[in-house]
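S.K.: Here is what each chain is made of, one letter per residue.
4 protein chains.
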Amino acid sequence: MGKSRLEAFSDGVIAIIITIMVLEIKVPHGEVIETLVPLIPVFLSYVLSFLYIGIYWNNHHHMFHATQNITGPMLWANLPLLFWLSLIPFATGWMGENHFAAAPSALYGVVLLMAAIAYWILQQRIIASQGPNSILKKAVGGDWKGKLSLILYAVAIPLAFLWQWGSMSLYVFVALLWLIPDRRIENVLRNTDA
Amino acid sequence: MGKSRLEAFSDGVIAIIITIMVLEIKVPHGEVIETLVPLIPVFLSYVLSFLYIGIYWNNHHHMFHATQNITGPMLWANLPLLFWLSLIPFATGWMGENHFAAAPSALYGVVLLMAAIAYWILQQRIIASQGPNSILKKAVGGDWKGKLSLILYAVAIPLAFLWQWGSMSLYVFVALLWLIPDRRIENVLRNTDA
Amino acid sequence: MGKSRLEAFSDGVIAIIITIMVLEIKVPHGEVIETLVPLIPVFLSYVLSFLYIGIYWNNHHHMFHATQNITGPMLWANLPLLFWLSLIPFATGWMGENHFAAAPSALYGVVLLMAAIAYWILQQRIIASQGPNSILKKAVGGDWKGKLSLILYAVAIPLAFLWQWGSMSLYVFVALLWLIPDRRIENVLRNTDA
Amino acid sequence: MGKSRLEAFSDGVIAIIITIMVLEIKVPHGEVIETLVPLIPVFLSYVLSFLYIGIYWNNHHHMFHATQNITGPMLWANLPLLFWLSLIPFATGWMGENHFAAAPSALYGVVLLMAAIAYWILQQRIIASQGPNSILKKAVGGDWKGKLSLILYAVAIPLAFLWQWGSMSLYVFVALLWLIPDRRIENVLRNTDA
Chain Y
28 MGKSRLEAFS DGVIAIIITI MVLEIKVPHG EVIETLVPLI PVFLSYVLSF
78 LYIGIYWNNH HHMFHATQNI TGPMLWANLP LLFWLSLIPF ATGWMGENHF
128 AAAPSALYGV VLLMAAIAYW ILQQRIIASQ GPNSILKKAV GGDWKGKLSL
178 ILYAVAIPLA FLWQWGSMSL YVFVALLWLI PDRRIENVLR NTDA
Chain F
28 MGKSRLEAFS DGVIAIIITI MVLEIKVPHG EVIETLVPLI PVFLSYVLSF
78 LYIGIYWNNH HHMFHATQNI TGPMLWANLP LLFWLSLIPF ATGWMGENHF
128 AAAPSALYGV VLLMAAIAYW ILQQRIIASQ GPNSILKKAV GGDWKGKLSL
178 ILYAVAIPLA FLWQWGSMSL YVFVALLWLI PDRRIENVLR NTDA
Chain V
28 MGKSRLEAFS DGVIAIIITI MVLEIKVPHG EVIETLVPLI PVFLSYVLSF
78 LYIGIYWNNH HHMFHATQNI TGPMLWANLP LLFWLSLIPF ATGWMGENHF
128 AAAPSALYGV VLLMAAIAYW ILQQRIIASQ GPNSILKKAV GGDWKGKLSL
178 ILYAVAIPLA FLWQWGSMSL YVFVALLWLI PDRRIENVLR NTDA
Chain C
28 MGKSRLEAFS DGVIAIIITI MVLEIKVPHG EVIETLVPLI PVFLSYVLSF
78 LYIGIYWNNH HHMFHATQNI TGPMLWANLP LLFWLSLIPF ATGWMGENHF
128 AAAPSALYGV VLLMAAIAYW ILQQRIIASQ GPNSILKKAV GGDWKGKLSL
178 ILYAVAIPLA FLWQWGSMSL YVFVALLWLI PDRRIENVLR NTDA
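From first to last, the protein sequence lines are chains Y, F, V and C. Under my numbering, think of the first position of the first sequence as 28, with each following residue one higher. Under my numbering, think of the first position of the second sequence as 28, with each following residue one higher. Under my numbering, think of the first position of the third sequence as 28, with each following residue one higher. Under my numbering, think of the first position of the fourth sequence as 28, with each following residue one higher.
Same shape as in the complex, but just chain Y:
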């Protein structure tokens, strides 16, 4: 089974998610620069979520680049990932409108955690289907970034109720962790070709 439609559908959903978030930045009434000030937290939460969605798209791209055969279970395992990503605009909007208050910041972490778990399950499905010589398994290796992200999200959720900025710092830290270029899959593919 080809992977073009799985990729096209995922690209479509992710492209829409990343773009409709901007609809939460409502056009203000008033023509002076000061009317933009209340939008700053909404804008900052948009930037953070844009980064996260961009990272997910990039990782999704690399993961399926290392996947030759698409199976039915992969099609199904892809849907929960898209589901949790689709809730990011809502969580982003609630967090931005309430200036990173405790409960919205915790919910944001819950959505990120669930998306990360869904991504991990999808990755395991692909590795399992590729058998003992899985290219993807070699590429992700111990997957310390994935594991560390899960732990940090799980810490950030309760932390939001104690110290909201600590929670936010963890979300920003995890995003930066993934922004550092990750050549694992590219390297393994290059070595496999050679």
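These aren't lab readings, by the way, just hints derived from the structure by calculation. Take these hints with a grain of salt, some might be off.
Cβ-to-Cβ under 8 Å is the rule here; a few derived chain C residues that face chain Y [unchecked claim]:
id, residue
1, E51
2, H56
3, G57
4, F70
5, L102
6, P116
7, F117
8, G120
9, W171
These stretches of chain V come out as covered by chain F in the derived footprint (C-beta under 8 Å, 3 or more residues) [as the list claims (entries may be wrong)]:
id, stretch
10, 33–39
11, 58–66
12, 82–89
13, 179–192
Built from N, CA and C at the ideal position, the CB exists for glycine as well.
Dock chains F, V and C against chain Y, hints included.
M.R.: Using the frame of chain Y, we list chains F, V and C on its own:
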């Protein structure tokens, strides 16, 4: 005639439908967790509709995977399916906002029924064009799932006015029926290749 | 230059246009069937516009199916078509909310007329680039449907101010005219291959 | 690494951006033509932004047409471009609702400037990866259009506070500059093939 654009257009429309439904979950005013409570029925109806749209995308994917030649009538028969699917966000929003009341639950069933009929007509068009050795015909066989779904939707619509939760249970049951992996098309394709 | 991105971009824009129109059907407050009654004109105008966008997608598909080489001018000539199609949701919403009143019905005709002119210019560009043996020129022939549509839109616009239902009837008539399967391009391609 | 998904994702995001701008043109309450008058500035700012997004799509298309190998850094450098383009609907809406007032017109210029810088960085990344015989480098040459655009945006931003129509004229002028067909990349590709 190639099928890439039919698939790309359908993927685009389905991706947008599945994503704009989330816009019905309006960001609440208030920063405590309790402000999310009124959103629970809206969220649950979103989950159900996400499942349905995901199932339709999956089945659409499999159906056209078993289709080599696209004819003009298939292009036209695809449009009513997209039309009825496009009404799911409206029906979902109305049902969620009114806590699964009678009329909205019945309308939800009408939209599901019409989408299922449109899907069935599209399937018949493809089978007819493939002639007596239709791969798709072998794959769907007696199509008991499709027929049972139509019957259950038709029962659920009037039932909504008598016992709304019975109606909802039928919608959930049909969704679960389709979630159970369906290897029919994959199996037939494998046997045909062998 | 390949045509895949031109098609993909056009498919994306058309898929979004056809889907965001449904956002104009606002979820009503009230859980009885009667609350849907005021939405009937909005729904009917949605159905008409869905038909038009579906027809444009179908014709666009066939036109580029008969086009091998994409030139820069074609890329530019495609944009005005997408621009005018993008105004259909606005015109549809205004017409539906005002129960097919004179001015909204006339504006709807103006948008349809401009889209039809943009389509015609794009078609002429392709025919001109294909030279004297243009497949597309053979396929569209005298293009009586295209010419008749332009005339009927031009009649319907002023008619809206005199007799709004006459105007609406013309819009429906043109849509039905295009729904009748049009095998011209398919036939010419088949004869060319043979 | 293939470029199909980079193109598909970019096409998706750009298609959504160009289309959701039209949602800012709110359907007016009132059925006479006069109710459209207040929408004229909103419509004009939509036309300008549609042109800009169309130009960006066209240039993006040409740039990647002259790019054979996609690297990880290109995937990342593409995201800031999409980010700044995604803010155009907001800037367009604010500018249109406030009849091209000073601060909204300046913000519009800031978003255009940042998008242009992001585009330039992406272009440099591709040229760097192509080495000394870069096709793209030959194609863009001195890139006087790109450089002049940056200067004009930088002039237009402060100018908006002194003379808003001068600022708007610069935005329109830059758009027209790019609308004049630019055969650079096509010509270089033709010569390279020959």
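S.K.: Taking the hints in turn, state whether each one holds.
M.R.: Going through the hints against the structure:
Among the interface hints, the one on E51 of chain C holds; its C-beta lies about 7 Å from the nearest C-beta in chain Y, closer than the 8 Å criterion. Proximity of H56 of chain C to chain Y is violated relative to the hint, the smallest CB-CB distance being about 17 Å (cut-off 8 Å). Hint status for G57 of chain C: violated, given a least beta-carbon distance of 20 Å to chain Y, over 8 Å. Against a cut-off of 8 Å between C-beta atoms, the interface hint on F70 of chain C is violated, since the closest Cβ of chain Y lies about 15 Å away.
A cut of 8 Å between beta carbons decides the hint on L102 of chain C: the least distance to chain Y is about 6 Å, and the hint holds. Of the supplied interface hints, the one on P116 of chain C holds, with its beta-carbon coming within about 6 Å of a beta-carbon of chain Y, less than 8 Å. Annotation: interface hint on F117 of chain C holds; nearest CB of chain Y at approximately 5 Å, less than 8 Å. Look at G120 of chain C: its Cβ gets to within about 4 Å of chain Y, closer than 8 Å, so that hint holds up.
With a cut of 8 Å, the hint placing W171 of chain C at the interface with chain Y is violated, because the nearest CB-to-CB distance is about 31 Å. Counting residues of the stretch 33–39 of chain V whose C-beta lies closer than 8 Å to any C-beta of chain F gives 4; at least three are required, and the coverage claim holds. Counting residues of the stretch 58–66 of chain V whose CB falls under 8 Å from any CB of chain F gives 4; the rule of at least 3 is met. For the stretch 82–89 of chain V, the proposed coverage by chain F is satisfied: 3 residues have a C-beta within less than 8 Å of a C-beta in that chain, meeting the threshold of three.
Here the stretch 179–192 of chain V counts 0 residues with a CB under 8 Å from a CB of chain F, which misses the bar of 3, and the coverage is violated.
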